[in-house]
Amino acid sequence: MIAASTHKIEVSLKSEYGNAESLSAAAVLKSANAPSVTKVRKSRLYEIRGNFTVTHINRLSRDLLCDPITEDFRILSQPPSTQGPFWKVEVRLKPTVLDPEADTVKNAMVEMGFPAPDFIRIAAVYKIESKCGKPQIEAAAIRSLLNPVINLYSITACS
Amino acid sequence: MTEKIENASDPLQVLSDFNSLAPKDLKNLSAQNLWSLNEKEILAVQAYFRSLKRNPTRAEIETVAQSWSEHCRHKTFKSPIRYQEGSKTVLIKNLFEETIARATRQTKKPWCLSVFKDNAGIVSFGNKGKWALAFKVETHNHPCAIEPKGGAETGLGGVIRDVLAAGLGAKPVLSTDVFCVAFPGKKLSLPPTALSPERILRGLIDGVRDYGNRMGIPTAAGGLYFDDGYALNPLVFVGSVGVLPATAVKKEIRPGDLIVVAGGLTGKDGLHGATFSSANLNGDDHSTAVQIGHPLNEKRVMEALLSARDQKLYRSVTDCGAGGLSSAVTEMADIVGARVQLEKEILKASDMEPWEIWVSESQERMVFSVPPANLKAFEKVFADEGVKIRVIGEFVKTGRVEVLWNGQTLINLSLKFLNNGIPLEEKKAVYVPMKFAESRAAFPKKSIPEQLKDILSHLNVCSREWLIRQYDYEVQGGTVIKPLQGTRHDGPGDASVIWPQAATRDTSDLSGFAVGHGLNPSSGKIDPYQMAWLCADEALRNVLCVGADISRAAFLDNFCWGNPENPQVLGSLVRAALGCRDASLGFQIPFISGKDSLYNESKDSSGKMVSIPGTLLISSIAPVPNIEKAVTMDMKGPGNSLFIVGPTGEDMGGSLYNEINGIAGGTVPRVDVRCARRNFAAVYKAMSKGLVASAHDLSEGGLLAAVTEMAFSGEFGAMIDLDALPKQKPIYSSEVLLFSETPSRILLEVKPEHEAAFAKCVKGSCVKRVGTSLANPIIKIIGLDGLVLFEESTTPFKTAWQRKVLS
Chain S
1 MIAASTHKIE VSLKSEYGNA ESLSAAAVLK SANAPSVTKV RKSRLYEIRG NFTVTHINRL
61 SRDLLCDPIT EDFRILSQPP STQGPFWKVE VRLKPTVLDP EADTVKNAMV EMGFPAPDFI
121 RIAAVYKIES KCGKPQIEAA AIRSLLNPVI NLYSITACS
Chain R
1 MTEKIENASD PLQVLSDFNS LAPKDLKNLS AQNLWSLNEK EILAVQAYFR SLKRNPTRAE
61 IETVAQSWSE HCRHKTFKSP IRYQEGSKTV LIKNLFEETI ARATRQTKKP WCLSVFKDNA
121 GIVSFGNKGK WALAFKVETH NHPCAIEPKG GAETGLGGVI RDVLAAGLGA KPVLSTDVFC
181 VAFPGKKLSL PPTALSPERI LRGLIDGVRD YGNRMGIPTA AGGLYFDDGY ALNPLVFVGS
241 VGVLPATAVK KEIRPGDLIV VAGGLTGKDG LHGATFSSAN LNGDDHSTAV QIGHPLNEKR
301 VMEALLSARD QKLYRSVTDC GAGGLSSAVT EMADIVGARV QLEKEILKAS DMEPWEIWVS
361 ESQERMVFSV PPANLKAFEK VFADEGVKIR VIGEFVKTGR VEVLWNGQTL INLSLKFLNN
421 GIPLEEKKAV YVPMKFAESR AAFPKKSIPE QLKDILSHLN VCSREWLIRQ YDYEVQGGTV
481 IKPLQGTRHD GPGDASVIWP QAATRDTSDL SGFAVGHGLN PSSGKIDPYQ MAWLCADEAL
541 RNVLCVGADI SRAAFLDNFC WGNPENPQVL GSLVRAALGC RDASLGFQIP FISGKDSLYN
601 ESKDSSGKMV SIPGTLLISS IAPVPNIEKA VTMDMKGPGN SLFIVGPTGE DMGGSLYNEI
661 NGIAGGTVPR VDVRCARRNF AAVYKAMSKG LVASAHDLSE GGLLAAVTEM AFSGEFGAMI
721 DLDALPKQKP IYSSEVLLFS ETPSRILLEV KPEHEAAFAK CVKGSCVKRV GTSLANPIIK
781 IIGLDGLVLF EESTTPFKTA WQRKVLS
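Each protein sequence line maps, in turn, to chains S and R. Mapping of the first sequence onto our numbering: position 90 corresponds to residue 90, and the numbering continues sequentially without gaps. Mapping of the second sequence onto our numbering: position 41 corresponds to residue 41, and the numbering continues sequentially without gaps.
Just so you know, the hints here were simulated from the structure itself, not pulled from any lab data. None of the values given here were measured: they were computed from a predicted structure. One or more hints might be untrue.
Think about it this way: if two alpha-carbon atoms lie no more than 27 Å apart in a straight line, the pair counts; the simulated DSS-like pairs of lysine-lysine are [as the list claims (entries may be wrong)]:
(1) S:K106 with R:K380
(2) R:K186 with S:K134
(3) R:K78 with S:K131
(4) R:K388 with S:K94
(5) R:K187 with S:K134
(6) S:K94 with R:K268
(7) S:K106 with R:K187
(8) R:K117 with R:K312
(9) R:K187 with S:K39
(10) S:K30 with R:K187
(11) R:K804 with S:K30
(12) R:K186 with S:K39
(13) R:K187 with S:K94
(14) S:K106 with R:K299
(15) S:K30 with R:K186
(16) R:K380 with S:K39
(17) R:K348 with S:K8
(18) R:K187 with S:K131
(19) R:K27 with R:K78
(20) S:K94 with R:K299
(21) S:K106 with R:K344
(22) S:K106 with R:K268
In silico contact screen, one side only, chain S against chain R (beta carbon under 10 Å); selected entries [stated by the list, open to error]:
(23) D99
(24) R121
(25) S144
Just so you know, even glycine gets a beta-carbon here, dropped at the ideal spot from N, CA and C.
Build out the structure end to end from the sequences listed, making use of the hints.
Given below as structure tokens:
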């Protein structure tokens, strides 16, 4: 019997592919009063709670959550080694708001024969290289990357 | 008890002292609980319950509030209005009945199968009369101001469900989107809760793209209009066209049929959407009124519904939109009656009060009326698509809506009271004409080619390719004329033509249809009556330019206005509605469906209430009897003759030329409907014979912008002789002839071998040859003095037109 725990999987585009989402995030941040933003890397973070083995999570990440040709995945068991310094902004939907993507992943997991997860939430992760301070990054993120009406967010400094 | 009601342990939540409350306390109670019932209305509710000698439950008041909301009841359009214009005052008993509905009745078109009754307007379609088209355009303004992407998604999802619930269900074959937002990149002083125009625009596009593309419905007819009046209240018009068999237009409710809900589960999301949309935006948090769309759920419901329709498994259907089950069930029960066991509804949140379940606006749900004998088959069809259904009650012949919660009566209201009990207040409307100096052409500050570049790069004219390319406009394989046209597939088409063979599965029937839009808020600021005429004229010309049969066109109206409690705002709304009536009668084209969104006003950063400019969108739909005869706007070859349809007048008031040169106001051009109808009929006759190579309507920027767009899209050139232009009265200014925005004009290209036949077709109408197409990609204009006014390559014009809109 495996104990239910929360697994975190981060999926990001391989570096050789032009990342339109990251470029567009950088552009909107700059236009939202954070001119010193030099680079943004965007990735998706899946938080999946349930009774899964490491093999399960590995197969799930490879076969469902990530496109193995253009994307890499990383299972976050401990705080990841980072290539800082940068600001990490995580944006997720409030628990009261429907998350259709998570719903679709949940259905697909069951159809693929995995045990049904207790809970799934998908977050967008922006790693922002900038000389701006936290208040400025927060204000710019609210103006461009997230909407406090439907989103929860966290901003952490990574080094 | 005048406070906001807190959730109590009693699931029925009887408001124990409601009948003894004073009027002031009642009003407070309504405001605190977001019921949006005014004093007179809540007093009527109290009188009703006093007559029943019992206090209401919260669910009962919520039901009345949903059913009497502006969103569901269109109170402004149905209330008596005392309308004053100059020294004349008239009493309009029912604005909708006396303007739009009357015009539709008077035009008497037998091919209108269902107007203003169902969830969408329905007209007959196809060369064998076997099919029908359902068309609906809706607004979703308030949610989009708060969360643009979610708002656009659920708006589109809602209008698609309207079409799915038109008749017994139509297969959606086209989505439309029109956005009105403030100019991006401008420093506006917005209150802290308001989103920037760029943010709103990006979100709206993301929403329509993500929802429409995933549903597998082409989004191929839209518009984008910028005006700073929309900074606090962006407008979002989303539409859907569906195809259904002519035999599936009629629906009925029979006592004994089961009430079945299918689709997404019910949650707390979207509480109070209907009453919220009838309130002003004031910066409070309305997160429960905001929702995220789930296109894959809706897609499943759509597939199951169409399959169940073809197996004739249900007798009626409606969508769960604003007001949720409360509105859907009472609307369906109509005069029959319904009994609901609410505990049978499946929930996705465990902490819901019964009243919340009843009014929740969770998305992607439909309500069916299913004969008990068909239930098993019905359930199987939906289970095959992975859609959960639940029987929540039955229709009964009681004339009442009764809702039980585990055997206890939660709601017991008479449908007569719900449908007719609303006290309508007489409203006051005053129309004050704007006073401007006589319109005249601005004194030009730049050369004509420079002015043309300014016009083509204006945000309301420039290329929309960056936006259109995000939408899947090809899915279903029926987009025969695409939104982007020309040699390089980047020219601005007037309309798209859809051949819905994916729905009819009949490739021998070459019938298609075109959809166009007319939107002209700048003229509405001067005269809303003429705005209605101009919108109708533009919507009609758009579909005519692609070869649609406009004698069988139909209109849809969408009114977006400010607060109708303000007599001047209501006055301009009345005037626009009168314009719609006269334009409909003038062109002999019926309105088949419509919507209004009022109270579009918010406080700006200084606390001042700012209203949007009164905005009317007229959408048109018309059949293209043979898609092989459809026409695009790009020039097809050198040496062809260019003909202009309609005379040019000195119509510079509200023109883009004047705007760019800093002159406001003037008089709005008038539509000469007799001349326009004659000309349009002649153009359609020539098009249906295949005599027209290309056609483009003259709108913002006038003749010069239109001819330049035709030339650079086809990668040819054009020569125009200004002396040859037909004129309403003598005009001696080249600028006026080139940039005047006289309505009802179209530019046509005709090949030399078709000229004789073309001349025969257009005999007796105002169609004149004004130039030729050239092999070299240049624009050459011969002035009134016979000398060359200018000769320029089209390349810089196209570059200016293809400017960047968002960073």
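For this session: List, from low to high, the hint numbers that the structure doesn't satisfy.
Result: 3, 7, 13, 16 and 24
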